[in-house]
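Enquirer: Sequence:
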Amino acid sequence: MDTREVITRYYELANAGEWDAWCDLFAENQVMDEQLAGHVEGRETLRGMMKGFPETYARFANVPAHVVVEGEQAAVVSRISAVTVGGESIEAGVCNYFVVTDGLISYMSNFHDSVPFAPILGK
1 MDTREVITRY YELANAGEWD AWCDLFAENQ VMDEQLAGHV EGRETLRGMM
51 KGFPETYARF ANVPAHVVVE GEQAAVVSRI SAVTVGGESI EAGVCNYFVV
101 TDGLISYMSN FHDSVPFAPI LGK
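Per the UniProt record's numbering, numbering of the sequence shown is gapless, rising by one per residue and ending at 123.
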């Protein structure tokens, strides 16, 4: 897959809640700087984290609004709309930055306001 195909698939799988397949889009030695989870290294570490995702969110959608791809890099502006298992709504604008190497995400970072995520952060 080229960079655009990987990014398209990233959002398709996330919105379908197919987290194991979503993790397969990442390189084995991936590095992620995630706004809420912090610095995450390794696909299997990420896979372990995502196993708890259904216990946090009853519904989760991350819908791209703008996608920019240049070679192995991509930036996506999107909107997260989610509901926690406790019934609290979360709405947040997000920007994700990706580096795709040999058809897999080798680096990703995201940027968003953390206030909308207070229900899952215990604040």
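Just so you know, the hints here were simulated from the structure itself, not pulled from any lab data.
One or more of the hints may lead you astray.
Subject to a maximum C-alpha distance of 20 Å in a straight line, what follows is the list of computed EDC-like cross-link-like pairs (lysine to aspartate or glutamate) [stated by the list, open to error]: (1) 51 with 12; (2) 51 with 20; (3) 51 with 70.
Computed Cβ-Cβ distance ranges for the label pairs, DEER-style [as the list claims (entries may be wrong)]: (4) 1 with 87: 14 to 22 Å; (5) 70 with 48: 25 to 33 Å; (6) 55 with 15: 15 to 23 Å; (7) 89 with 34: 29 to 37 Å; (8) 4 with 86: 15 to 23 Å; (9) 29 with 88: 15 to 23 Å; (10) 56 with 9: 17 to 25 Å; (11) 118 with 70: 31 to 39 Å; (12) 24 with 86: 27 to 35 Å.
A virtual CB, placed ideally from N, CA and C, is assigned to each residue, including glycine.
Enquirer: Please go over all the hints and tell whether each is borne out by the structure.
Expert: So, going through the hints one by one against the coordinates:
The hinted pair formed by residue 51 and residue 12 meets the criterion: a straight-line CA distance of about 18 Å does not exceed 20 Å. Note on residue 51 and residue 20: the hinted pairing holds, with a Cα-Cα distance of about 8 Å set against a maximum of 20 Å. A hinted pair counts as satisfied when its Cα atoms are at most 20 Å apart, and residue 51 with residue 70 does not qualify at roughly 32 Å. At about 37 Å, the beta-carbon gap between residue 1 and residue 87 misses the expected band of 14 to 22 Å.
In this structure the hint that residue 70 and residue 48 lie 25 to 33 Å apart at CB holds, the actual value being about 32 Å. Distance hint check for residue 55 and residue 15: the Cβ-Cβ separation is about 18 Å, which falls inside the suggested range of 15 to 23 Å. In this structure, residue 89 and residue 34 break the distance hint of 29 to 37 Å, their C-beta atoms being roughly 21 Å apart. In this structure the supplied range 15 to 23 Å is violated for residue 4 paired with residue 86, their Cβ-Cβ distance being about 36 Å.
The given range of 15 to 23 Å is broken by residue 29 and residue 88, whose C-beta atoms sit roughly 35 Å from each other. A hinted range of 17 to 25 Å for the beta carbons of residue 56 and residue 9 is consistent with their spacing of about 22 Å. In this structure the hint that residue 118 and residue 70 lie 31 to 39 Å apart at CB holds, the actual value being about 35 Å. Here the CB-CB span from residue 24 to residue 86 is close to 30 Å, well matched to the stated 27 to 35 Å.
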